[in-house]
Amino acid sequence: MAVIKKHLTTIVLFALLLVLAVWSLFIGVLDVELSGLLQGDREHLEVFLISRLPRLLAILCTGTGMSVAGLIMQQLCMNKFVSPTTGATISSAQFGILLALLFMPNSTLWGRAIFSFAFAVLGTWIFVWFIQRIQFKDVVMVPLVGIMFGNVIGGITNYLAYKYEMTQALSTWLVGHFSMVLRGRYEIVWLTVPLVALAFLFANHFNIVGMGKDFSQNLGVPYNFVLFLGLTIAAMITASVVVVVGSISYIGLIVPNLVAMFKGDKIRGTLIDTALFGALFVLVCDMVGRMVIFPYEMPIELIVGIIGSVLFVALLLYRLGHGRKAIRLSRKGGDVA
Amino acid sequence: MHVKNLTKRYDGKTVVNSVSFAIPKGKVISLIGPNGAGKSTVMGIISRLIARDGGTVDFEGSDIGKWKSRELSKRLAILTQTNNIQMKLTVRELVTFGRFPYSGGRTTAEDQEIIDRAISYMELGAFEDQFIDELSGGQRQRAYIAMVIAQDTEYVLLDEPTNNLDIYHATNMMKIVRRLCDELGKTVILVLHEINYAAFYSDYICAFKDGRIARFGTVKEVMTKENLSQVYGVDFEIMEIAGRPLSIYY
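Protein sequences, first through last, are from chains A and B. This note's numbering applies: residue 1 is where the first sequence begins, and numbers increase by one. This note's numbering applies: residue 1 is where the second sequence begins, and numbers increase by one.
Keep in mind that the hints were calculated from the coordinates and are not lab data. Hints are not guaranteed to be accurate.
As the list claims (entries may be wrong) - In silico lysine-lysine, DSS-like type, Cα no more than 27 Å apart, as pairs: (1) K4/B x K27/B; (2) K137/A x K175/B; (3) K88/B x K27/B; (4) K209/B x K13/B; (5) K74/B x K6/A; (6) K213/A x K88/B; (7) K74/B x K213/A; (8) K27/B x K68/B; (9) K213/A x K13/B; (10) K13/B x K74/B; (11) K213/A x K68/B; (12) K263/A x K213/A; (13) K225/B x K137/A; (14) K209/B x K88/B; (15) K263/A x K88/B; (16) K137/A x K213/A; (17) K4/B x K175/B; (18) K225/B x K88/B; (19) K5/A x K209/B; (20) K13/B x K27/B; (21) K4/B x K213/A; (22) K66/B x K213/A; (23) K175/B x K220/B.
To be verified - Chain B is nowhere near these chain A residues, computed Cβ spacing over 10 Å in every case: (24) F81; (25) L99; (26) L102; (27) M104; (28) T172; (29) V181; (30) L182; (31) M291; (32) I293; (33) V310.
Every residue, glycine too, gets a C-beta built ideally from N, C-alpha and C.
The shape of chain B in the complex, shown without the other chains (with noise of 0.2 Å):
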């Protein structure tokens, strides 16, 4: 995925300013930067959830406004933050969604295998016939992550995955996403507020200050005392563990 000149604004107000990037196949990439800096409005537009004012985000060949959406749902899959739903769906019926592109309502056996290692590999088996409203907030973000593993695409777009969940939960999250990517082969792109996440786990990261990407790089290149302090406007420093480069900020 290459994005050229990506430009949005909102009430003449730009928000994304000529960002330009390439996405690294397999990897986990996460997108951090201040409030309002642009990383969701980015991850909206590469997307396609939201319009973009000027640009280019070449998928696989061809510019996302032109893919089919149903097409691009079997390659691409993205999950905004779910906390507001309220509706009485099972954790299996919710899964089952995912295969929607494939087979629109009616489900195959082959859905059905699908939908059952998904469910297991999330562990949510012993769940499955409950309500999602029912569940901590930890298992509801697992059930929605099994829909998106189900959704069998190459792309897994995760806007705030850890949002309004305990360290316990965040960490088991975010250890779920680097799996997506080691054991299944897919490429990660997620939007993190918290450094050390983003520093821990993922492969790139790229850093967006004022609408505009002030670094895009492996973890080591980005993970500095100079590039977080100018991104951030506050003081940090580094600390090497477990042969990751972390983040103290004070």
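Chain A extracted, bound-state conformation (with noise of 0.2 Å):
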């Protein structure tokens, strides 16, 4: 029973995740049912094995990637409000992929792929340099130098763009959606899979360097290490989302978020259920985009763009109110204070 108690939101998240998960493979323009998949009917077989499914392993690689990713990013940054979309590290993976287009007009998606893990992993180092160098006294401050330095990617991003006529090819990157993923073109974002196996086994070293410079050193972690460590898995998993799906927003910001207002910021204890409640979130989000004006759909980075705003007006306001005080859904002993 205590186990099951401890694990309660764990349990109930994965279970929701995976009853959405099965009602999302049904849903879209052509009919595939059940009844024909187990009969081996071979067009609905194919539907759903070169469309539905790849679609279904996108969301859930995305969801997981992109809120373990912000999970990872604020620890390391000591600032709730760092994000892969309020690092720079989004508009430096576009960046990369305009750079691929540009110079490699041949390259595969896999050539983009590195280019585009290259530049994020570059652009994520140099704004936490740049915020390890100019110490904030301001919290808000890092995510704003944060924007800032990511519009500045993106301008130049979209200069050349422009001069070498590049804006609509390039815009495939720039709004996310999920409707081109099909089998064969998103296999890259499965690297999201070991990455973040990666990133729950340096759990703790991110929680330890997350205390501070002098913290780590005195349990012997050597910072600057795990540092770039953490921020290199980050960024690549940004990117390998980028590449395949383009930039979501939001969701490495609130996911995190929410999840620590209920859970902590203990990494180990926080990881599954951020992954969990991201991949969750990001289903949810597709699915209304696609039922909404159905039979045509919206791209994911608008329902996240709404729901995703509206959601962090409500954890500003909740943290205005309430500051960092933690949200308890069982009583514990520890209430005596």
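Make the complex out of the two chains shown on their own, each in a separate frame, by following the hints.
Take a look at the structure:
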């Protein structure tokens, strides 16, 4: 019983995700029915394997990856408002893709991915190096600087895209959507799985580094190494999502914050919930996007932007009213004080 | 621990100027002095948090820079000022970090036992599942000390442990420091601003002025009118209370 209670949120999230995931497989213009699949109907099976299943897997990887990347970045930068969006990671990844399109017009998806990886990592490193050089007194300054930095990179990207008439090609990566996810051209996003696993392995290291340089050195944890390892993981996760589905904002910001409000900041304790909740969030947004104007669909970035901004404002208002006090789901013995 | 000719410069300004001393084992040693005298910098250097520009720090037979950071963290713990950390960790999670140098992320049954003991030693049992940012300053400071106890080191270095605490909590903190030494046999080195806490609770006092050691000796040797007036530049009176030389400054 105790074990079930302790992992209650995880179990609920997992069950919810499972149900919605299966349901999502049967949403779409072409009818795919379970009976058809079971009878081995070729047409049904093909739609299922080429489009529906890849789409679901891409959604799960995106949700998991972006929220875990956000979690890592927030911990390492000691700032709750840092995320792939507010940390210039996404715009750097897009810049990388543009350069790949410019210099290697015949590049494969993998070629673009490598450019995108390299620039996402570099952009994030520069951003963090910058905010560490200038110690901001106000926590809000850090994401503001990140947004500015991201916009500068985005500006350069747009300028180059205009100049070389690439805006059309680039738009695929600027607004995130899952409608282009098909078998054979989305598999890069699977990279998030080993990267998230790696993040889980180093969870305690990230926590300790998040407590500050002195604190980590006291415990014998190499601060700079872990910092750059963590940022690299976060940037690579982000880049592998951007290459396949494009930019999806807010998830890396909101999901880790919401989970931390209930479960605290110990990464080992929150990583799985953050990943599950992130996947659930993106899946729900995608299903909404697919059903609102059925049989057409809206890009995920739009839905996430609407729901995300409302949640973000709610989060800010809650923070203003309650400070950083945690929400307790179950009252424990510790509430004596 | 032996320190020889320690030197540190910031932007051409010498903040620590050929400081040499030896730390007596199993004692409480307080570093005192006016602001900018270099005491916190010396503390940072002997705990490998700050790089030095010259001199040697000999720790258990080899230079502190030659030690593997992880091995060193089983022998020497340093707690710097903690009130700016905004992390939602429970007391128990924080104390568990103290076992990190030994077991990494996977704590053993023995680690859990050590953590339990550290928590009850600091009387934090009732708060162990609370988040540290929701505790009072005194409780939070105790949680950090519990982590240091779990770290199970011979040397404990504390940078201004009474900072931002009221008289009640600050005095309790000093009593804890005494217990770390007397009951757990640790060598405790602390930076203090309150001279009388240093006089009442430590065995040795090291007084800094202008990056140099002005006086280093037992409490009785250092706590004299002349020494303190020279170090702080104000008038002092020394009174004997409870067998301890305490000071009044005006």
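Inset, instruction - Kindly indicate which numbered hints from before are broken by the structure, ordering the numbers from low to high. - result: The structure conflicts with hints 2, 3, 5, 10, 13, 14, 17, 18, 19, 20, although it agrees with all the remaining ones.
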